[in-house]
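Engineer: Residue numbers (the numbering used here), protein chains in the order written: chain E, 1 to 305; chain G, 1 to 280; chain X, 1 to 475.
Just so you know, the hints here were simulated from the structure itself, not pulled from any lab data.
Quick reminder that beta carbons are idealized off the backbone N, C-alpha and C, glycines included.
Check before you lean on any hint, since a few could be wrong.
[What the hints assert, rightly or not] On the chain G side, residues computed to face chain E include the following (Cβ under 7 Å):
| # | residue |
| --- | --- |
| 1 | L30 |
| 2 | F55 |
| 3 | L73 |
| 4 | S120 |
| 5 | C187 |
| 6 | F262 |
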Amino acid sequence: MLQTAPNPKKGVVSRLAQGPVYWIAPLILVLLVTFVYPTFEVIRYSFTDASLTGKDYSYTFSSFINILSDSQVYQTLWTTFVFVFFSVVGQTVLGLAIALAIVKGEELKLRGTVFVRVVTLLAWAIPGVIIGVIWKIFLNESESGILTSMLHAVGITNVTFLTSAGSALVCTIIANIWRGTAQSMILSYSGLKTISRDVLEAADIDGASSWQRLIHVTLPSISSVLSINVILNIINTFNTFDMVMSLTSGGPGNSTEVLALTAYNQIFVHMNLGSGSAYATILLLINGLMAALYFWFLRRSGEDA
Amino acid sequence: MISKSAKIRASIGLYLVYILISLFFLLPFLWLVSLSFKTVPELFQSPPKLLPNQFNFDNYRYVLWKTDIFGYLKNSLIIVLVTVIGSLIFCLPAAYAFSRFNFKGKKMTMLAILFFQMISPLIVVIPLYKYLSRLGMLNNYGSLIFVYIAVVLPFAVWSIKGYIDTVPKELDEAAAIDGCNKFQTMCMAVLPLVVPGIVSVVILVVVKSWAQFIVPFILLNDSALYPISVGLVNLQSTADSITTHYLAAAAVIGIFPTLLIFVILQRFIVSAMTAGAVKG
Amino acid sequence: MKKTFSYALAAVMTLTLLLSGCGSSNKDNAAQNNTPANTSGSGANASNEDIIKKHPGGQMIISPQLIGYQEAEIEITWQPNPSQSLEATSPARVDYLTKKMKAWIEEHPNVKIKPISTSNNSTDNMAKLQLKLAEGTAPDVAAVDSFMMPSVAEYAQPLNDAMAAKGISIDDYFPFMLSTMQPDGEGGDILSDWYTTDVRALYYRKDLISAPPATVDELISTAKKLQEDNPGMTGLIYVAGRNEGAVNNHLGIYWSQGFPLLNDDNSIAFQDGEAKTAMLNFLSFFENTVKEGVTPQRVVEFDKESNMFGDLTTDKYGMFIASSSAVPQIKEIVGADTFEQKWGIAELPVIHAGDAASSSAGGWTNVVFATDKQKAELAADFVLSLYSDDAAAGEWCEIGGFLPTRRSVYDNTPAFAEDAYAKQFASYLDQAQSRPPVSEYTALSSELQVAIGEIVTGASTAEKALENIIKKVGK
């Protein structure tokens, strides 16, 4: 590594530059201070029967035993998986597609590209609970529901949205894609913007078709941004509960119950801190597992390259 | 060079895509705008009308004058602004270090940071309340913003590291030869090239903090300190009163500041790109 | 270890605070320290009275952030139900409360009330209150969902004196309220004041149905006949979305059979025998109404009563089940006259002909948590003057669309004495029950909500759903 001689006037700055510690330490400190103790507490509570008010509690494995012996949990895990998988695929692909369309439009100097970007972002300024409320009103199946009455007008009746198990999950996923695409769009868009023009022009000169250019030049150039985008989408979707809560509350039946919602319900509705913390701990474990998998995957693909 | 007719065909295709995208993202929102102009009986009218019978601004008037929405908006702006500045201070050097330094345990540290992203506020908010309550730091923007910063930091570091990765390392080496130390290299040579990335992360930090609900709801007691997200959620209908029309109006108002921020910030994405092109 | 840790935290937080420059310091504590030293015993009352009456000067403020004079020496923290506070969206409620607060502050100029804001969502609201109680940061007085009251009872301070001073007698309240208000039984401490209530009923089109059905079977046949006579009409709708309402609104149908939900030890009461049959009958009500075609599957999207109102504005629905608070809300939408011409109310149907009908009642209570005697008295006096005493209860309930909780209020308030609906609701309250106020019920209700959703959408049958519930929450 190249290292310049320390400039006496800028002693502090140079010292900062010596190694990674000073660059990273403040960040690590903020994260540790905020998260370590609470996370430790959550794990501790998960081995208790504490309620939200109760000061007296005892240590027990009962929360975990109850959770793992309940067949419902496995259904919830499956629902969560389906919800996360399709949401993430939808958000990432749609976000990338919109970003590509906008970049292409800018190249052709089309009007309206800013409008499209702004429109995609609208949903993000609204808290999840309210997004759920909006979509619930939008998908209302009574005659005063807007989508229902529009479909009736063109002769489509007998469509269910939130009132049967399968369609409720589909609608929840669509609403979640609506909500979360902005992040993918913005990250992909600025990723595309940072690609060096030379690289793209070189590809043009080689006579590559636009599809080839996309697959062989554009996507590899933003692969780092894309993979971060995917992992962030997974984390966001996996931990989301607010929109689902106000859209379906996990119903009808258990058809849209996701793990984070169960954790919320246990703590805030049932006031059961012990059991809620146990769900939160499971949530954390799965999160950790996914992070490890992702890292393993990154490392492997890094070695192959 | 692309022929003119091909260009026209591409434009038409793109506009079709734009229309589809806009429809998908706008329809629920347009319905919200429509509801914001309706009276209670109109909310329940069937069949519904996309346009209200008459544009009645009573709901807006109510939200603007009878609720503390200006206060909520001001609070949100303060919280978001400080969160953005704070998170950049903490994350830019770290992101640069992760991209450029080689050191033992780098991957493990990155993984650990990613793990913090996975601790959702829901999971930690109860212990956080207890912990801050014992330190006497509840109902206080200092601790609230600290938590906000911590919540957005992991993703900010990861994203900005990703953008810095796209800048060729030769550039750093060139800067070093010119006599820049690492800090100068970061500030003068590398960061200007990833401004689009930084701006997009800032946008995401803004919206993430803007829509945060559970943390401020639990950590704040005083409604005078509430951000817009909590104010909005409190306009939901209850068992004994219907307030959907007010909620709609407040949601529309609440979206505007973020829209404005975005419209301003997105210029930086474009201008930074052209600046880069000129230099290149 | 812990100490160094908190120092580190404090240091970093100070940094942030400096950066932000907008942290609000902990004014609450400072204000509390200014409170005059507590004096107890009757001898000190006179001087207490003087302190309370002492005028602090300045401008009286009535706002969602502060009620009273800024300089007042005594501060009471109050966590109201947001929709029953100055943050309410109904101008009538705000006007009423402002008027009452002004009057109270004029009587007690040296006392200021500091409202603590919470959420309109009552579960979030209650969770936050519990958290505060556990941490010792509870407000001096709070509105508590009647059904959650027992979970905070250990922190509650007696209201006996304050209610006696206002001339409110516990005997005036409806029977089902007593166990919540006076948990230790007759003569015990009164730990909460139940100040608004509601009760569930069957609403029916009185222009189309001559006699409302009394049993579930009659309900289904009435609905069927209605649908035959009026093509395009739907017989019955109710709340079946995954929310407390899906259970709470219909529990009366189960209770009418004479079985409780939980045993004395809070175990599930319907694990076997007749009680199990009774629960099966209850769940079959949902199964049969949908199977017989009188209720559309779509009712699972109603997680609040207000979700039904869009449908009810059309002339296409014959009956629905909802709480008493639906009356003022539907009147607002369709107009009072139209509502009164069309809709009659009847008791919830029973399973077996001849059984007495039952219904679930809810509402809000006020609970005082202040341990300082003077503050506790003032806090109790404040909320009683606002919502509960003879000068307040009738007007408040009329404005808010609630049912009063004391019988004498019905007799003394024209709006209730002369209103046909109110009279009927009052008679239902005599038979009403409240949900078992224990966490076991919350867990059970959750399972029942899931079961109702599955039964209505056809994903499960009543029998299978019942077995499933017993398997999960039994033992």
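Engineer: Against each hint, give a clear statement of whether it holds in the structure.
Structural biologist: Tested hints:
no., hint, verdict
1, L30, "violated, 9 Å"
2, F55, "violated, 18 Å"
3, L73, "violated, 12 Å"
4, S120, "holds, 4 Å"
5, C187, "violated, 10 Å"
6, F262, "holds, 6 Å"
Checked against the numbered hints listed earlier, the structure breaks hints 1, 2, 3 and 5; every other hint is satisfied.
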